[in-house]
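Number of protein chains: 2
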Amino acid sequence: MINFTVGPVQSSDAVRAIGGKNVPYFRTAEFSDIMLENERLIKKFAHTTDDSRVVFMTCSGSGGMETAIMNCLTKEDKALVVNGGSFGERFVELLKLHEIPFSEIKLEHGKALKAEHLALYEGKGYTAFLLQKHETSTGVHYDINLVSDFCKRNGCFLIVDTISTFLTDPFDMADLDAGVMITGSQKALACPPGIAVMALAPSALRRIEKTKCCCQYLDLKLALKNQERGQTPWTPAVGVLLQINQRLKEIDAAGGDEAEIARAAELASYFRNKLKEYNLPFEIISESLSNAVTPLHPTTQSAYEIFLKIKDEYGMWICPNGGDMKETVFRVGHLGYLHKEDYDKLFDAFLDLREKKFI
Amino acid sequence: MINFTVGPVQSSDAVRAIGGKNVPYFRTAEFSDIMLENERLIKKFAHTTDDSRVVFMTCSGSGGMETAIMNCLTKEDKALVVNGGSFGERFVELLKLHEIPFSEIKLEHGKALKAEHLALYEGKGYTAFLLQKHETSTGVHYDINLVSDFCKRNGCFLIVDTISTFLTDPFDMADLDAGVMITGSQKALACPPGIAVMALAPSALRRIEKTKCCCQYLDLKLALKNQERGQTPWTPAVGVLLQINQRLKEIDAAGGDEAEIARAAELASYFRNKLKEYNLPFEIISESLSNAVTPLHPTTQSAYEIFLKIKDEYGMWICPNGGDMKETVFRVGHLGYLHKEDYDKLFDAFLDLREKKFI
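Chains as they are written, first to last, in the numbering used here: chain D, 1 to 359; chain Z, 1 to 359.
Don't take every hint at face value.
Note that the list lumps identical chains together, so a pair holds whenever it fits in one copy or between two copies.
[To be verified] Derived EDC-like pairs (lysine to aspartate or glutamate); straight-line CA-CA distance at most 16 Å:
id	residue 1	residue 2
1	K212	E99
2	K210	D77
3	K96	D219
4	K311	E30
5	K276	D344
6	K114	E104
7	K309	E30
By construction, these hints were calculated from the structure, which means they are not laboratory data.
Turn these sequences into a full structure, and let the hints guide you.
Structure, rendered in structure tokens:
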């Protein structure tokens, strides 16, 4: 099966080889060294300040989103959140659950965030801003500079979900003055799922210090304290952490985040050019694309039926959408260990389906 | 490295082979079938009632302990908890954090739970009981029948942490009338860490229905709803779940939980017999042993120094203790893919250390 979903994605041979070994005991200096190297390399690729920190939580990316809210925000905050799809909606649900006062910028699926959306909230005392850098469900890559500028002007603490764009599109945490960056092991890190990676700027560390987290398991005070010596308070997904280490070193050796981002950009543009060339009955639904994924609306067939057909008859996974986009949108990812020849096979399948009048 | 710790432990060849493959996309009927089979086999091996349920949470065993408390207990409860080591202490911390009224039965490290400890609490309106079936830190295997009888008499909802004894010692959830059973992927399930498995009796399901969980990521209502169709609300540690499936089928084919428990018992008694035979300067510190682990106090050398020596010079991991037991206790596990010859190598190392007057 070739995997074009947005996660889990395909891993390199060396990453998979680690998965095939026994998981070592981890309360050791050897494992601590690996965890400290993981922290150092994430800081490097996320372009954090030197005094930022990184923790590795054994949970999903959504778990990381909730961890950020539970540990950094309180009822004294006034948050602004962009909701343009399933993941923006999840931030909204989490703010409600944790009783953080907030306002919501609701965008139509596929629409970009513009200066006029933010203008309304200027100088209104907002203290925090929550944003998907890339709304993975609709493939909309928001203008992070616009949001960062708003936050700098208004003194907002910025929480950025970069789950699907870390290492596929540029991100400079220090320059953007972001407080929290969240990503997952199974996106461009191209490891199995199980770990949420969180980079925390000094502004976040100060907030965490003052905030009482309602959940011990996701308490960042404990995670930070343990990570000082390269450890975790609870048994983590040790195997995935070793795979992340391998992958980070691979990226570093191949030219760092810039080279990895260029690789994703090349795959994305290869796919998008072919899409035009073959004139397939798929419309790109996003006004503002990232390199991570291409979101498509098929005009002649149900999106979900195409997903099933490609899976069952061609041995490939494209990425279905859920909820009210199930029948209308599927996505093709450019994450993980994919090559141009893989896309050629996907286009062969699409062309065959057109030939057979399925699409 | 041979791994005698209490987790992560060694995996079978077939389980490791799955770890060496790419992780598949999981929002599919194929993955749902695997998850439903996982639920069915855990129910079988835990001897639950038919109307019990099982969920797989992407977190550590401690995350599972907290999930049980957050979803099943409220401030209206009056809980009783046995605290005889690090994990009992963790239950206590969690009850405090979540503001559940409780009383604590504090036992000295290594001591068994006796009827007289419980007598004090008889008929005093306790509504919940939290117990490590096996206090992994000290290797004390509590008398679960004693506790179950107390709970039946007093109408207590019983939460059992079987993290280190599920599949090493008998456990009949229906017979004990336990409400929640918690275990982890990296103990006798012998898979990589990342998943907490929770079996939930109808009494737990009723409590979950009525309780508002303060954490969306660990909300059992959402986990249960999704597991109805073999799915999870958030991206789980898909790879580990596939490995658990392989392992459960292996156990089923080899004679089920009884055969697996017999295998652990045989390893444990092989180790303990040799220990006597060689008259090593190690005292067993537990009054009541499980088959999962043998907890030892070395009388002639620091426990932690022995751990380091065995790791660095003999290529094996025994299991160090933390906190105030660091220098005085180490443990030798009987979990996972170990064989008698592995213990022979460990004894060779111990004998060599005695020869060299290190112990």
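### Message
If you test the structure against every hint from before, which numbers come out violated?
### Response
none
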